[in-house]
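Here the protein sequences line up with chains P and R, keeping their order. First residue of the first sequence: 1, per the working numbering; consecutive thereafter. First residue of the second sequence: 1, per the working numbering; consecutive thereafter.
Do not take every clue at face value.
As the list claims (entries may be wrong) - Listed next, the stretches of chain P that the computed footprint assigns to chain R, with coverage defined by at least 3 CB atoms under 8 Å from CB atoms of chain R:
#	region
1	157-164
2	245-259
3	419-426
4	455-468
Claimed, not checked - Chain P is faced by these chain R residues, among others (derived, beta-carbon under 10 Å):
#	residue
5	Ser76
6	Asp180
7	Val262
Derived from the structure by calculation, the hints contain no laboratory data. The beta-carbon is built from N, C-alpha and C at its ideal position, and this holds for glycine as well.
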Amino acid sequence: MATRHAVHGAERIAAVDTRAARAGVHPGQPLTHARAVCPALEAVPADPPADARLLGALARWCTRATPWARTDGADGLLLDISGCAHLFGGEAILLADLLDRLAADGFAVRGALAGTVGAAWALARLAPKDRPIINPGAEAHRAALARLPTAALRLDAATVDGLARMGLKRIEDLYGVARAPLTKRFGDGVLARLDAALGRRDEPVDPAAPAEPLLARRAFAEPIGTIDDIEAGLAGLLETLCADLEHRALGARRLVFALHRVDGGVSQASVGTVRPVRDPVRLARLFRDALNTLDAGFGADVLTLWAAAVEPLSGAQADFQADGPDRTAMADLIDRLSARLGQNAVRRIELRARHVPEHAARPVSVTKPRAPAIDATDQQSRQPRPVRLLAWPQPIDVIAPVPDHPPVAFKWRGHTRRIAAAEGPERIGPEWWLLTPGDADARTSEPRDYYRIEDGDGGRYWVYREGVYRADRPARWYLHGVFA
Amino acid sequence: MAAAVPCAQAPDPRPGTPPPSHQALRQAIAALERTDGGARSGVSAVSTGCAVIDAALPWGGLPCGHVHEIMAPDSSGAGLGFVAHLSAQFSIADRRDVMSRGNPCAVMSRGNPCAVIWCGRTDDLYAPGLAAFGLDPARLILAEARDTDTIAWILEEAAASGAPAAAVGMVSPGARGLGDTALRRLQLAAERGGVAVLLVRAEHGVADTRTQARGPVTTRWRVAPLAVPQADPGAALAAPVWQLDLVRCRGGRPARWTVQPVPESSLPSFSNSRTIDHDSALDRGPAAHRLAVVSAPGDGPPAPPAHTRVSRAAG
């Protein structure tokens, strides 16, 4: 497997895995050559932004070893472990722990540990030995870097070519060269990198800025326990958090409010919204019901409010028209209803292109994103449909002429009703394209003949007979819906 | 209830001035007591889909911002069909009202003016069936609630927010209905938000006279299906026929009609593409429906035939 990207219009291989590399594919190769060398190659388009996000996530994961971790280029991680090695029992164990865990997750990873950034970069990428660890000291570094090519000094390709043409192919060749002519020919870069790798020049590691969590916290000198005090505290926290959200142009989708009690326990309540919100008044209204479920015990002395899920929310322009707030009134109402009744209690109808009537329209939660626009008009049957569809069709006793005439009388809820008029049948067959070959669910695999019937009182019902008429088996009739 | 008469309308004893208008006095008292149903105070009313029924209501239609109760038998879907028709009328009317304002910015910022909230036991509502009465499934929001108190709370929240076009609450058969206090609170909330609240009470049996038909609602209806003998037994079933009773109407008189819902055009078309606040949905919507009165309305004894009076006057 390999990833491909377009370079000047031609598709080239961007990265390969070990099996492809063993087969002879290498990065930079044109795709057609690669396919010729390895016919079974699976080349997917490269996705650099996704790779960058993954690398950032790995850098944040590496903070388990040291807080100073960041990404290095497009495929590397740089960690400064000064003072952290003893927590793991030694440098070798720390390096082995990180690399083993990454390898267990499926990454092909190489690593090295050295006293300088340059040396670590060079050894991780180009060292022949696996996981080298170099003790601090200029002599050790000189010896370790000696046999590596000059590209290991993070020089660009033109400089490496120039050095190669002058016969300087390895780093050890650079050790004895006079500095002034080298600087005049190639500029400061070569010697700066060499000095940094050998430790003669400092190169600090900047850690990646950690993402600040959206948390508002308030501590009280005396523990509070009454609802009014907690509400007042929550109002203050909401103001702070919403100001922070506005600063970052985000809106909260889920908030978690926690009371930290004096006895060490924590009581939590959470609230979710359909759309990102950063209006403290609306959020306070949503919390009103949830506050009753909190147990303050002997009192709480710390209140925290944390935004668990956020989404981008751009600043809204002030409306020039008089009727502005209606836009959010519906979303606000849905949020309030969901907060009290539960997330799945507020629902909307989703129409689907299915023939079976119980699947054609299902109520789904309002928070579920809308399905892509399908034109359900063609699939919607032109036949009339009942206003009430029973969740489970109820078996009924029916008197009907064979083979497929509508019923003349049926018994439901203890009443026998005579049929005054009937319409049908409408055959709805099973959706054979959805059944797997071994499906033994006989109820869904038989066609249904639906009849609209009207009894003597004017009530209209939707009944069906399951399966085609068979002389050897009594027909099974069910009541599925009620018409208006 | 005492009504304060404004002093400016006290009779003026000076000679030559016209006597005070009794009509103006009556109007002032009625407005204070709210017995005129707000007909002269600018309450907007939505047509029920039938001109005859609209004429019988003092507002010329069903007023928004009021509580209406519909009673129907549990075993038939007639009540649900009638309420779906009324919800569709409220939803369409709201959309037309927004469009007729003519201000494009007002239309864009109004979000979704046409959503209708139904609460109660909503598990067995079937949207394509409701769509046959003009209620667009994309505009329907369902809130599941088991007991009457929760239904009352949901209706009050929906009415006070003013966001939906109508709020429908379905009370289960056998459950106790909303009390007088709850109904008054609901009325106040509906007036604040300008949202019509429709309460659907299902009754066991076709006509349960033991059911309490009391409570301060603005209008109370009773719907029951009627069996109409079909001329041709083998033909398709015609549109359903309902017996519609206006049991109580504030400022109007009870009446009874036999109606039949008739779509104005062919079956409406819906799709999933409409989102709750998608503004392009305003230009096309479900087809309007109307209720056709099958037989003449009647309340009480029939009026004497007109030709008799003419002959008496001539004679």
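To see whether the hints hold, each was checked on the structure:
{"no.": "1", "hint": "157-164", "in the structure": "violated (count 0)"}
{"no.": "2", "hint": "245-259", "in the structure": "violated (count 0)"}
{"no.": "3", "hint": "419-426", "in the structure": "holds (count 4)"}
{"no.": "4", "hint": "455-468", "in the structure": "holds (count 6)"}
{"no.": "5", "hint": "Ser76", "in the structure": "4 Å, holds"}
{"no.": "6", "hint": "Asp180", "in the structure": "24 Å, violated"}
{"no.": "7", "hint": "Val262", "in the structure": "13 Å, violated"}
Of the numbered hints stated above, those contradicted by the structure are hints 1, 2, 6 and 7, listed in ascending order.
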